[in-house]
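Asker: Listed below, chain by chain, are the residues.
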Amino acid sequence: AQSVTQLDSQVPVFEEAPVELRCNYSSSVSVYLFWYVQYPNQGLQLLLKYLSGSTLVKGINGFEAEFNKSQTSFHLRKPSVHISDTAEYFCAVKNGGSQGNLIFGKGTKLSVKP
Amino acid sequence: EAGVVQSPRYKIIEKKQPVAFWCNPISGHNTLYWYLQNLGQGPELLIRYENEEAVDDSQLPKDRFSAERLKGVDSTLKIQPAELGDSAVYLCASSPGGINTEAFFGQGTRLTVV
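These protein sequence lines are chains A and B, in that order. Residue 511 in the numbering used here sits at position 49 of the first sequence, and the numbers go up by one each step. Residue 1032 in the numbering used here sits at position 96 of the second sequence, and the numbers go up by one each step.
These are calculated hints, taken from the structure and not from any lab test. Since the model is a prediction, treat every value here as computed from it, not as a measurement. Some hints here could point you the wrong way.
Computed spacing ranges between beta-carbons, pair by pair [claimed, not checked]:
1) A:S488 x B:P1032: 22 to 32 Å
2) B:T1037 x A:S489: 16 to 26 Å
3) B:R1000 x A:S516: 43 to 53 Å
The C-beta atom is built at its ideal place from N, Cα and C for all residues, glycine as well.
Let's have the full structure, built from the sequences with the hints guiding it.
Answerer: Structural data, given as structure tokens:
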């Protein structure tokens, strides 16, 4: 079964510093990859997705992610974070094919400090 | 366009009582998911519908949990009887369907079993 590993449960950073949130998935023939953000007491909101094509994907709020098939990774990056980026971030994978479920990692809590 | 609507937002019940959650997906979305999210964890899939058919309910604890999606639109998730360990946030999400589209999430129902 497909699985997602988010290597860091918490990432503290200072405002305006760069950040990388790591995500690895179990190998599959074809996968679709997503990053979601969750603010307190809210549902999940899509940041970006990789379906095919360019391995560098740009999303909302200045985030981007790079799909690396050989390393089965999909790390999320932002060059300069803001206080408002403080939230929980979830990596998710969906297997190619009509039977695919959307499976989530355990999440990484990003805390941006002034 | 209205998003995924869930109700109630919060529910407190005593253990052994029944409880039901309701989800209205985005109009035209064929795929509907129910997830359970424990505090500090990622969403865990309970059941996925394609139209009115439950195509994957392998993670649904069928001794106490049940779900239905009448006419392939609204869905209800029920727990009977509830246990203390069922306290969590229950998230509903919908997707247009197909193999490569993201899921749109409701705000969730926070259940507290006392």
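Asker: Mind listing which of the numbered hints don't hold for this structure, in increasing order?
Answerer: none
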